[in-house]
Amino acid sequence: MLLNRESSGKRWRIRPDGLGKVTGRLAYLTDMSAAGMLYGRVLRSPYPHALILSICTEKAQQLEGVHAVLTHLDVPGLNRYGIAHQDQPVFCENKVRYVGDAVAAVAAETAELAEYALTLIEVDYELLPIVDDAELALLQDAPLLHPQGNLLHRSQFNRGQLGSGFAACTHIVEDTYFTPRQMHTYMETEGGLFVPEEDGRLTVYSPTQHGFMDRLQLSRITAMKQERIRIVSSPIGGSFGGKDELNVQPYGALLALKTNRPVKLHHSRWESVRAGLKRHPMKISMKTGTDASGHLLAHQVRIIADTGAYATLGAEVLNFAVEHVLGPYRYDHVKVDGYSVYTNNGMSGEFRGFGGNQAIFALEGQLDRLAEKLGMDPWELRRMNMRMPDDPGPFGQPIVVTEGAMQVWNAAEASGLWQERGMPNREEEREPWIKVGIGSAFTMHGGGLGVGIPDPAGGRLLLAADGCIEAIFGYEEFGQGLLATLALMLIEQFGLAESDIRMIIGDTDLVPDSGSTTASRATSMMWKTLQNLKAPFTSQLLERAAELLGKSADKLAMGAGGIYETAGDSLLLTYKELAEAKGERISCSTAFQFPTSDTPRTGAHFLYTYAAVVVKVEINQLTGRVRVLDQYHAVAAGPVMNPQGFLGQIEGGSSMALGFAITEDAVMQQGQYMTKNLDTYLVPTIVEHRGTVSVEPIEHLPHGDSFGPRGIGEVGSVTLAPAIAAAIHQAVGIRVTKLPIEPELLQNDCAFAFAEEAVSKR
Amino acid sequence: MSKHEMLGAPRGAEQSELACTINGEEMKLEVAGARRLLSVLRDDLALTGTKRSCEIGRCGACMVLVDGKPINACLTMAYQCAGKQITTIEGIGAADGGMDPVQRAFLEEGGFQCGYCTPGMIISVKALLDRSPDPSEEEVEEALSGNICRCTGYGGIKRAAQRAIEWRREAP
Ligand code: FES
Ligand code: FES
Chain A
288 MLLNRESSGK
298 RWRIRPDGLG
308 KVTGRLAYLT
318 DMSAAGMLYG
328 RVLRSPYPHA
338 LILSICTEKA
348 QQLEGVHAVL
358 THLDVPGLNR
368 YGIAHQDQPV
378 FCENKVRYVG
388 DAVAAVAAET
398 AELAEYALTL
408 IEVDYELLPI
418 VDDAELALLQ
428 DAPLLHPQGN
438 LLHRSQFNRG
448 QLGSGFAACT
458 HIVEDTYFTP
468 RQMHTYMETE
478 GGLFVPEEDG
488 RLTVYSPTQH
498 GFMDRLQLSR
508 ITAMKQERIR
518 IVSSPIGGSF
528 GGKDELNVQP
538 YGALLALKTN
548 RPVKLHHSRW
558 ESVRAGLKRH
568 PMKISMKTGT
578 DASGHLLAHQ
588 VRIIADTGAY
598 ATLGAEVLNF
608 AVEHVLGPYR
618 YDHVKVDGYS
628 VYTNNGMSGE
638 FRGFGGNQAI
648 FALEGQLDRL
658 AEKLGMDPWE
668 LRRMNMRMPD
678 DPGPFGQPIV
688 VTEGAMQVWN
698 AAEASGLWQE
708 RGMPNREEER
718 EPWIKVGIGS
728 AFTMHGGGLG
738 VGIPDPAGGR
748 LLLAADGCIE
758 AIFGYEEFGQ
768 GLLATLALML
778 IEQFGLAESD
788 IRMIIGDTDL
798 VPDSGSTTAS
808 RATSMMWKTL
818 QNLKAPFTSQ
828 LLERAAELLG
838 KSADKLAMGA
848 GGIYETAGDS
858 LLLTYKELAE
868 AKGERISCST
878 AFQFPTSDTP
888 RTGAHFLYTY
898 AAVVVKVEIN
908 QLTGRVRVLD
918 QYHAVAAGPV
928 MNPQGFLGQI
938 EGGSSMALGF
948 AITEDAVMQQ
958 GQYMTKNLDT
968 YLVPTIVEHR
978 GTVSVEPIEH
988 LPHGDSFGPR
998 GIGEVGSVTL
1008 APAIAAAIHQ
1018 AVGIRVTKLP
1028 IEPELLQNDC
1038 AFAFAEEAVS
1048 KR
Chain B
120 MSKHEMLGAP
130 RGAEQSELAC
140 TINGEEMKLE
150 VAGARRLLSV
160 LRDDLALTGT
170 KRSCEIGRCG
180 ACMVLVDGKP
190 INACLTMAYQ
200 CAGKQITTIE
210 GIGAADGGMD
220 PVQRAFLEEG
230 GFQCGYCTPG
240 MIISVKALLD
250 RSPDPSEEEV
260 EEALSGNICR
270 CTGYGGIKRA
280 AQRAIEWRRE
290 AP
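Taken in order, these protein sequences are the chains called A and B. Count the first sequence with my numbering and you get residues 288 to 1049, in order. Count the second sequence with my numbering and you get residues 120 to 291, in order.
Hints are computed from structural coordinates only; laboratory data are not their basis.
Pulled a few chain B residues facing chain A out of the computed Cβ check, cut under 8 Å:
#1 175
#2 177
#3 180
#4 222
#5 228
#6 273
#7 276
Nothing here was measured: the structure is a model prediction, and the numbers come from that model. Even for Gly, the Cβ is constructed at its ideal location relative to N, Cα and C.
Given these sequences and hints, build the entire structure.
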């Protein structure tokens, strides 16, 4: 059944954070200010690659109204950060490696003054040759960005004998796919407020996906104990992976500590573009072969990922791509060779889909090409080669059994949009230069961080003094609807009323470390937490109530507003009365790890979400522009926790994928961004996002599954691009290998002749 | 400090008086000549419902009504607002603190996720409905084509706009 307001019934609820958002009353962290606050600005490198010969801050220091000018000499602790590898300098000491590299920072009484002070800082650079191509960066004589070389990470996977595999193939296709440097383009740019407290602690109000990771990193940089730092991290005006790494925090923290005044930083869009993370551009070469009947036999892949100047999560993204270029298919002979390479291009890092988007675009393209060679329906080819419920994961690792692959395949097959494909094409209704096609694609997408990476989870439930039941989690709300999902789970699983609940997230002083809000994991982990807490928390409550009421606990039940007699319907005791009763505070917590596969392969996943997309597109052969007319998404992710959020995540993810496919590219030349703002970096507007997006959740899980809902935060953003490519091929017979799709490729001379004819007839 | 360097110093700092109406309240503000409406609203008046994102008139996060017309506050110099009626998202709701039907439609349809674009979206829909009570789908698209949302995929936004239109149609 399609997911919408009607089909969701009462579960379609107004979001708890909704009122503040539609009235503008909700203060985002970049909206905050404080009395006596200073404005921070960061001086960044104008050059993609250069030695720093000297930095002189004297003139800036002397400017009236300037309270601090900081360079690497002013970092009390570690002058490096990074979630996985701490190799990104807070302030560069003697070398810059990209145009966002920070050299100094200023705090001044007005933003204008701070900006001006930056112009007074004198930095002497000696330019170095620029490495702006990941492939060339690997050559022997390439200039080195880092002493250990330009290779950040290599990831390989082999199974079977590739040579004999290909020798046995009847059909082989070979192609190279290119994907763009996509930008997160969260509408709220990075920023925040940094407040030194009277007791010497530091409070950081700045968006992040993992407050405790920020706290750890800031404690290293500032040489302060972690407990001396408090991170407040929600609400967030969008992140999509882009705010998981530190961005403004080191500068805000250091400036606030130095001046002992609150400091506000808020990136301009251009600064966000130059300093912020992007999706890894990848070049993926694939050779894939089948036997005469279409069974996949051999698959060879080479991935070159441009990770930019510093590591961030480049290695992890590559590992994910290596896993997902194998996808939900069976083959005996596989060889994948992936390289994540340092360049002087902007920083690449974590981005919704985490390398899956690039991998799946390439892999699905191969399947389409093979189907054509075989003269076979591409969807049928997928069915033939699809993994079965008991099959191991892409690396041969044990994974949780689901029928997800077949379920989404069937759903897409049965969808109205796919059925339309076989119907007569009503050419006569359109101008002759407009062509319409339908395409589909298919994916399995891993959730959680995978084997070998700490992936803690958990949370706490507590009956507060005022009778509210507090749900306390270390996750962040960046728009995905986490609070709404949590509220709905509490209401449905505990029988609570909305007014009984208080949700506390995004504050390291108040919440336990529940791990990062990333990798489509938060919903799964909140669900699991509540599963763990349900019995102990309920029984504590009921036992206390039983004492007070002089009844047996097994005759009592939790409900809206308080404790009920199971037999009757009467409210016996409110939560407030219960909270006021003598005794220890009723509280339960749980901590565990995101489940992982029993395999030594780092990054391999255990839980997967499956999705299939069918899309109908229209191509204008005069302009070469692609318009998406309709989309159908089948998503097998277990039970839907929050219908509005589910729909929003798939619709929103697909919009992002649409941009990835047709317009978005942070173009760089010689290590400089050519697309500095939203006038040249084009994200889809309402006009691009036409037609309907039908979303069909498949909720069924195998009997006895204990893992519950799988993540959906990313999967909506990975499968649309290859489906669009397939639809384009169906419409005009052209194979797309490079994203975003270049209009020139789809322009057609005959179409111009048609147009001229049509015009002359008028 | 040399004279040459001083030339680069922040200019347009001379204050002048700006008289305008903001959310129904008459105001007299001391504003430097180079200030933009967006920064006056956000930084001086703490009306942070109006958002800052691209600052070049592309995203619509900063949309406000000036004499009833949707305007990008990031492109508007403060002095251009002299004598004008400015309405921000904070001034959209009913006088009794209730919500405008457009706001309610966004809330009920879930026409937002992170919500950062939402005030601008609501201002644009509100302005559209005020000038064209029963707009076609194309008109809605056109009216919202200057508002970027990175989160919702526009489906929820379209449904919210549609709902607001229906309510208006049904209203006596
Ligand atoms: S901030 Fe004004 S249009 Fe983007
Ligand atoms: S809801 Fe996040 S930008 Fe629109």
